[in-house]
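Each chain, written out:
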Amino acid sequence: MSSTPQLLFKNRTPGKTLLFKEYCQTGGYQALAKALKTMAPAEIVQLVKASGLRGRGGAGFSTGLKWSFFPSDKPAPKYLVCNCDEMEPGTYKDGELLAADPHQLVEGMILSAYALQADVGYIFIRYAYDRQLRNLQQAVAEAENAGYLGKNILGSGFDLEIHLHSSAGRYILGEETALLNGLEGKRPNPRLKPPFPAERGLFGRPTTVNNVETIANIPHIVNGGAEWFKGLARNLEGAGTKLFGLSGHLNITECFELPVGIPLREVVELHGGGVWKKHKFKACLPGGASTPFLTAEHMDIPLDFDTLAAVGSRFGTAGVTVFDDRTCMVAVTLNLLKFFARESCGWCTPCRDGLPLVCWLLEKIEKGAGTRDDLAMLKQQQRHISGRSFCALADGAMGPLDGLLRLFEQEVIDHIEKGHCPF
Amino acid sequence: MKKLLLKKQIDTFRSKAQKLEHPREMIIDLLRAIQDHHGWVPDEGVELAADILGIAPIEVEEIATFYDKIYRRPVGRFTIHICDSICCWTRGGEEIAAHLQTQLKIKLGQTTADGLFTLLPTCCLGGCGRAPSMMIGRRFHGNLTCDELDRIIAELREETGG
Amino acid sequence: MPTLTIDNQTVTVAEGASVLDAAIALGIVVPHFCYHHALGAVGACRQCAVTILEGKQKGLKMSCLVAAEDGMVVSSGDAESVAFRRQVSEWLMTNHPHDCPVCDEGGECQLQEMTIGAGHGIRRYQGNKKTYINQDLGPFVMQEMNRCIQCYRCVRTYKDYCGGRDFGVLGAQQRIFFGRFKDGPLESDFSGNLIDFCPTGVFTDRTNRFKTRYWDLQQAPSICPHCSLGCSTLPGGRYQELQRVRAGGNRLTNDSFICDRARFGSDWNNHPQRPREARIAGERVEFSTALEQLEARLHKLVEEYGAGALRLLGSSRASFEVNLLLKRLAEKFGAPPPYYDAHPRRGFAARVAASIPSGQLASLKQLRGSDLILVVGVDPLAEAPVLALALRQAARSGARIVVLDPRPVELPCDFEHHPLTQETLLWSLSAPEEHELFETLRQQLEASQRPVLVAGGDLLGGEGLRLLLRLSESCCAAHDCLIFPVLHGPNSFGGGLLGEAGDSQRNLLEDIENGQVRALICVENDPALEHSEPGRMQLALSRIELLAVFDHLPTNTVAAADIFLPTRTLYECGGTFINNEGRMQRFEPVLEPGLPLAVTGGGDHPPRQFEKTAPGSAPRSAVHLLQWLLKDRQNLLGLWRQIIKEIPCLRDLDRLEAGDSGRRIADCEDKLEESRLEIWAHEGELQVLPITARYGSDHYSRLSHNLASRIERPCIWIHSVEAAERGFVDGQQVVLRTASGHFHLPLQFKATMARGRLMVPCLSGTPLEVFTPGGLSLPCQLYAEGDHG
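Residue numbers (the numbering used here), protein chains in the order written: chain A, 1 to 423; chain B, 424 to 585; chain C, 586 to 1374.
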């Protein structure tokens, strides 16, 4: 259907998992062999930096730049941690990737660890991804058997072991420092930064945490080169392809690998098959539950980090959740806020106590019992929580509330004036 | 009472704890193993985990009570985690949850009288493309309809000879 | 040292200080909860927001997390930070039950103050509040979780700072619970700090529940009398009853923490058997009668038998002023100088400690900052609990802690323990170069940056302290190796300063037994309990013609007194203690003496008969009693000035103020007698070492009703392997045979104590009270019950 070059999904067959042999047959582990034989670790870091790859976990920080902060020269142990917590509603791309082709991640881990000179890798997998866990267990075992993991990999002198950690729920573990605490068996509250994980991460050692999709891109970048990767994007500023997980009121709710910079319209109308039941498009979350809504007026903007930031939203994880014109945006926001309130770790006040207060206000308004004062209070909450919580969780929760108050204030007022939900 | 863990498993965990520099990192594995074996984690399970890891029970409890997929109270044979996050909500998640409650004659958070089913709301299961969805035990079920639900429940009932 | 401006006021603060520290230094109130100087900043409550106008990071920031920078300009009163702080306060209060009228914290609640300070008045949230089921945490601490604002201070206090292992934080999101795994008494010896550190009424003092509002309390800064560390405290009383003790703040000593013995053990002050009336031969008399008769009889005795027949005994729990006046009294009568400890070996240890040059003594603060601490002959949790906290803080910052002690020492931190017997320790210290372990340790001390030697006076004695001093001098080439002597009473050091050379050679007990002593004045001391041979001493006391006792505790010595004069406790008069590191610290009277209203009015109503004096108010300060005998009535200030003239090393004595951080004595000239190591080698024989128990061994905690539940049952400790070799089982009833008698007690196995030794915790009120800590091991035999003969 699409002419987009497929990297991450090139071997995907729905319902099937690519095994070691098949992965190798499609060119798997060749990037690893090439890198270990011909590239110095710093060269890979440089390559990734030049490729323009930005973190696929949602924050969109330059991966190469992040890697360049890593103190590769420090003594072992140094850790590379892969974040597969993926619990933000609307985000399911990493799960799809690992269900189809887990070796990409393993190869990416080895390459990344080599680039960073990390000697231990952890893959942190969310509770719900049981199949993905089993896939990875098999993939890691196969890679070990093939000599891609362990001591002196492919005669390069580089050692790496990979451990898998299956979690037990809680969205907060997607926050990298909370994840590290979780891995250590401590309460997964986020840590104070500085020190940053690169300096003192897992077990107090230098650590880099990267998202599944980010790491899975590395073999492709090593194979294809930085310019090629950059050129995959639809816009000049962007780089590479992106896994878009479509959900909500669309005819097709699947995960696609599409170029960065693709306009929203193309995603919704072409790949998503248009809004379901012949309804109209009202709004969408462009990149997961924490990204402020886009509306019909944003249909033609390219989906990328900077362009979305410019219109007050975020590219996030590119999990696009679409809402049709029959949807009450107060109810949507309430649902999202309930999620964030429930997943707060309970450490800081704005998140622990502020989010439930926001839920209470939204619930009151949604029920038709809200007042103008409540609206004012809601705005106040949004102003005070945004950017003022300990970690990004509560800040992210303000994304949809910000969208609601900015784009759908009239809808809120309608609830208040009519005394009931107009939908 | 069902045993917390097999002797063999306990021995494996103990010897692993001896070898690891930071035995605490096994805490989730251990709690999940106890839960898989015993159905849920009773106080004795927390104490066993603490003993294996060489830490105080409260230090295990601090972790066990943090995660929502560690059950510190008895659950039914099948725990149904019904997703209530946004993508499932857009595609009838609330109706599915209501239907389940009617069919099982319990509310969210409760267990059926026959001890078969516990119904728990959960946040996003990562199956947003196949909404509405739920997880029974570790098994994911997507694209749910009321009929599909009835079929799954009936199947499980049958499986247990109920 | 950055200089910054907050609200148009400029302040210079230490490198690394936060903006909040700077604001506090300026006296600007920025509401905060999770921050505490001793616990650090964690950024959880988000209450301390200010606006940074000039600095690396601009805008609204948490002041506890932003380091003060040079040239920084900060506003705490701008509209945005004020609005945000008000909002935080509203969030914190959404679930608070507003039960201040029935909350013991009311009036001294940081939450009340900060809520008002943050400007939050009306709660807009009208939904349901969450509620908790509370836990029973034992007799000391009451829990009311509904009041909790989740600042995490409790868990940071109990677990992180104090090292408790039975308290934690449970749950997530808005369902956070702070407590134990199951109901039950808190196990830490520092559990009471939860009460001070909780900014609201989640953890309150159960021993003082529903008794008094903070503003009704009489309070004054004081010094804890339960051991030699001199922790700063803030006791409070009402209606003649000492009701509670909180930690004071002295950054040089205990910082903001005290142990449970100090906090909950102060009710000895209200002991129902406390002697409050003057007595002659057991009969109640007027105070003046007793004093006059005492004076007359003293003169007569001295005339008759010479001044050598009069002896005076001061004490480690009496103030420095009292002990000094006692010395004057001895001089007035021409009697030998007073003893300052009933226990000769302890007295000598105190004198050695007091002779260590002031600059070589470590403070608790220096201990917390040390990188290698060698603890020799001290069981911190028993002898000086807050020392254990200091060791933990050092360990948390990476210090290595090495303990050399025969006891099964426990500490709230990682440490290496070498369970050497007392004899081995002393022998090795006398020639450390010959012992590999000691030589290695010596080298490590030499190589470390800030080493400290902690030395136990009780176990090592004066000779041992001297040997340690020698060790410290042998490894201080590159860096000072400081000494932290641990003594046993709050003023042991002060007694040591006043004690005269040759003291230990004069044996009070033998002199009494020889009939050389006709009169003994005993001031706030109980030789019948505290002498190294209490039984023998008690017998001897009964043979003295005139036993005059000034005290406030119901002791055997008081019961044996011919003339008894009740004294005020430290909570009822001012004075000075000199702690184990030579720090002079002042305490002030908290309340007047008198029978608690709870006694006279049955807790209900003041007494209905009217007298000029309050019931039980007769006790006078021992200072006054001695001054009466000396015919030298002057105020304390005059006395201090006089002391300074006589003892130059106390030059700062008149500049002390209660509640300040105290002042170190200056170096004194060494006037110590020669001594030699007195070790009795008992090859192959079993010996028993009497030791200090965590609760019930010091002068005061044994009289505390509150602490009763913490006092162990009498038993005999034995090394598990030793016991197995001798065929004993844990808990077995045995017979211990010693020169002091036979004891039928259960055995208790201890895996980490020295081999070849038994240990008995000295617990008064039990058969084991015939033993006193502070001595050497005693020969003994051990049999299974029914097996001896």
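These aren't lab readings, by the way, just hints derived from the structure by calculation. Virtual Cβ for every residue (Gly too), placed ideally from N, Cα, C. Careful: at least some of the hints might be erroneous.
[Unchecked claim] Listed below are several chain B residues computed to face chain A (Cβ distance under 10 Å; list not exhaustive): (1) 491; (2) 509; (3) 521; (4) 524.
[Said to hold, decoys possible] 30 Å max Cα-Cα, derived DSSO-like pairs, lysine-lysine: (5) A:151 / B:528; (6) A:367 / B:530; (7) A:186 / C:1197; (8) B:528 / A:367; (9) C:1216 / A:364; (10) C:767 / A:49; (11) C:917 / B:530; (12) A:49 / A:10; (13) A:193 / C:950.
[Said to hold, decoys possible] Computed list of chain B residues with no C-beta within reach of chain C, every gap over 10 Å: (14) 434; (15) 481; (16) 484; (17) 531; (18) 532; (19) 574.
Here's how the hints hold up against the structure:
1. Against a cut-off of 10 Å between C-beta atoms, the interface hint on residue 491 (chain B) holds, since the closest Cβ of chain A lies about 4 Å away.
2. For residue 509 (chain B), the suggested interface contact is upheld, since its CB lies about 5 Å from the closest CB of chain A, less than 10 Å.
3. Hint status for residue 521 (chain B): violated, given a least beta-carbon distance of 15 Å to chain A, over 10 Å.
4. Using the Cβ-Cβ criterion of 10 Å, the hint placing residue 524 (chain B) at the interface with chain A is not satisfied: the shortest such distance is roughly 18 Å.
5. Proposed proximity of residue 151 (chain A) and residue 528 (chain B) is contradicted: the alpha carbons are some 57 Å apart, above 30 Å.
6. For a cut-off of 30 Å, the pair hint linking residue 367 (chain A) to residue 530 (chain B) stands: about 22 Å separates their Cα positions.
7. For the hint linking residue 186 (chain A) to residue 1197 (chain C), the alpha-carbon distance of about 64 Å lies beyond 30 Å, and the restraint is violated.
8. With a C-alpha separation of about 26 Å, the suggested pairing of residue 528 (chain B) with residue 367 (chain A) holds against the 30 Å cut-off.
9. Proximity of residue 1216 (chain C) to residue 364 (chain A) is assessed by CA-CA distance (about 81 Å); at most 30 Å being required, the pair is judged violated.
10. At roughly 53 Å between alpha-carbon atoms, residue 767 (chain C) and residue 49 (chain A) are farther apart than 30 Å, so this suggested pair is violated.
11. At most 30 Å may separate the alpha-carbon atoms for a hinted pair to count; residue 917 (chain C) and residue 530 (chain B) exceed this at roughly 89 Å.
12. At most 30 Å may separate the alpha-carbon atoms for a hinted pair to count; residue 49 (chain A) and residue 10 (chain A) meet this at roughly 24 Å.
13. Under the criterion of a C-alpha separation no larger than 30 Å, the hint pairing residue 193 (chain A) with residue 950 (chain C) is consistent with the structure, at around 28 Å.
14. Non-interface status of residue 434 (chain B) relative to chain C is upheld: no Cβ of that chain comes within 10 Å, the nearest being about 24 Å off.
15. Not every CB of chain C lies more than 10 Å from the CB of residue 481 (chain B), the least distance being 4 Å, so the non-interface label is violated.
16. With 10 Å as the threshold on Cβ separation, the claim that residue 484 (chain B) sits away from chain C is violated: the shortest Cβ distance comes to roughly 5 Å.
17. The non-interface label for residue 531 (chain B) is consistent with chain C: the shortest C-beta to C-beta separation is roughly 16 Å, beyond 10 Å.
18. With a least beta-carbon separation of about 13 Å from chain C, residue 532 (chain B) lies farther than 10 Å from that chain, consistent with its non-interface assignment.
19. Every Cβ of chain C is farther than 10 Å from the Cβ of residue 574 (chain B); the closest lies at roughly 35 Å, confirming the non-interface assignment.
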